[in-house]
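Chain order of the listed sequences is V and L.
Going left to right, the first sequence walks through residues 11 to 186 as our numbering numbers them.
Going left to right, the second sequence walks through residues 25 to 209 as our numbering numbers them.
The set of hints was computed from the structure by calculation and includes no laboratory data.
Keep in mind that the hints are not guaranteed to be accurate.
Said to hold, decoys possible - Pair ranges (Cβ atoms, derived):
no.	chain 1	residue 1	chain 2	residue 2	range
1	L	Leu192	V	Arg32	17 to 27 angstroms
2	L	Ala67	V	Asp36	41 to 51 angstroms
3	L	Glu142	V	Glu46	24 to 34 angstroms
4	V	Glu37	L	Ser182	26 to 36 angstroms
5	V	Glu14	L	Arg49	28 to 38 angstroms
6	V	Ser28	L	Arg110	35 to 45 angstroms
7	V	Val47	L	Ala38	46 to 56 angstroms
Beta carbons: idealized from backbone N, C-alpha and C, even for Gly.
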Amino acid sequence: MNCETAFDYLTDPVLNSSPELRRHLDECPRCREMEEVLSPALTWMTEAALDDEAIDSPRPSAPFLTAETLAVADRLAAQLARDSETRRELVPSTFQPQFASRSWSRWRAGGVVAMLLLAGFGGWFLGAAANPDNTSTSAVCLWTNREWSAAAVDQSAKAITMSCLACHLAASTSSL
Amino acid sequence: MALTDEELMRRVQAGESVWFEEVVRRYRTVLTRVAASKLVDSATAEDVVQETFLAAFACRQSFKPNLSLRVWLVAILFNACKRVWRQRQQPTGQPLPLDPALAGETGEPHEGNLLAAERDHILRAALRQLPEPQADTLRLRFFVGLSFDEIAASMNCSVSGAKRRAKLGLESLAGLLRSYQEPTR
Ligand SMILES: [Zn+2]
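Please put together the full structure from these sequences, using the hints given.
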């Protein structure tokens, strides 16, 4: 093991107790000194990383992102697509939303998420839901064009969604 | 045998949306840990994680199998956190102060036996004292389990730059935490 790999091991919550790392630290004063300096941080970070119980939901009784809410969003998106002249022009007429509704039934509806979906995301689901077979992307997609992360100060999850929607709409328009 | 992340997302993309449940099951804890570490309020952190999954589902077709699903989800999560900061005018450099009183009734931080929740709170506060790129590097490395290659790709920096951020962050964090008794492993 070289010093580079030793740092990878030191900062890995699982590997930092490995015998290989211990052997290297025994033989390498530089890494040993670094481990001593960083020790409180390494110990606390490792402990936090391995402690699943530290993550408690502040609302344990509230449902978390239920599949039903996703299904509602997809149905809403499909409904909007059917109602919209613009969508009629953009969305292939053979499109049917593909949801395995039977499998979802055991999930509960989530009020907060449903509101979020209906108020904020419903429209944006149009792109992803309306064109499920389309995997093409374009220059506007924030994710596939990784420059977004440099300029991400002003971006949000919704912005990513919007940008991806733009990809799908552009692609579906050009395919008509 | 469990499906790989790539297989899971292929099924979701093919319309078998029920498999997104497994995506949520796999990554909810990791994302919640990261969000809780970045945001002060746990309820907000949970909202942000839900929003992250919603956004991921909404743009599921743009996920490329050659990408790491966890890197992709974390990228969406980080942007969702930035939106929360913007809405609340809470810049990244405004951390919770480390409160020694959290360490026990006496306010004496050296007494040890910190409860898990207290340690969690102290660590979150300490991470928020760091420059955000350093704190994010540590979150990605320890809480998400990304390699330094993946961190470099996520944060648009070199691998050596990611390691330098990790080392600087750990040095600062060690200084902040040294006064607290180290938790037993
Ligand atoms: Zn060494």
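Structure-based check of each hint:
1. L:Leu192 <-> V:Arg32: 17 to 27 angstroms: holds, 25 angstroms
2. L:Ala67 <-> V:Asp36: 41 to 51 angstroms: Taking Cβ atoms as reference, L:Ala67 and V:Asp36 lie about 47 angstroms apart, which means the hint holds.
3. L:Glu142 <-> V:Glu46: 24 to 34 angstroms: holds, 25 angstroms
4. V:Glu37 <-> L:Ser182: 26 to 36 angstroms: Taking Cβ atoms as reference, V:Glu37 and L:Ser182 lie about 28 angstroms apart, which means the hint holds.
5. V:Glu14 <-> L:Arg49: 28 to 38 angstroms: holds, 35 angstroms
6. V:Ser28 <-> L:Arg110: 35 to 45 angstroms: holds, 42 angstroms
7. V:Val47 <-> L:Ala38: 46 to 56 angstroms: holds, 50 angstroms
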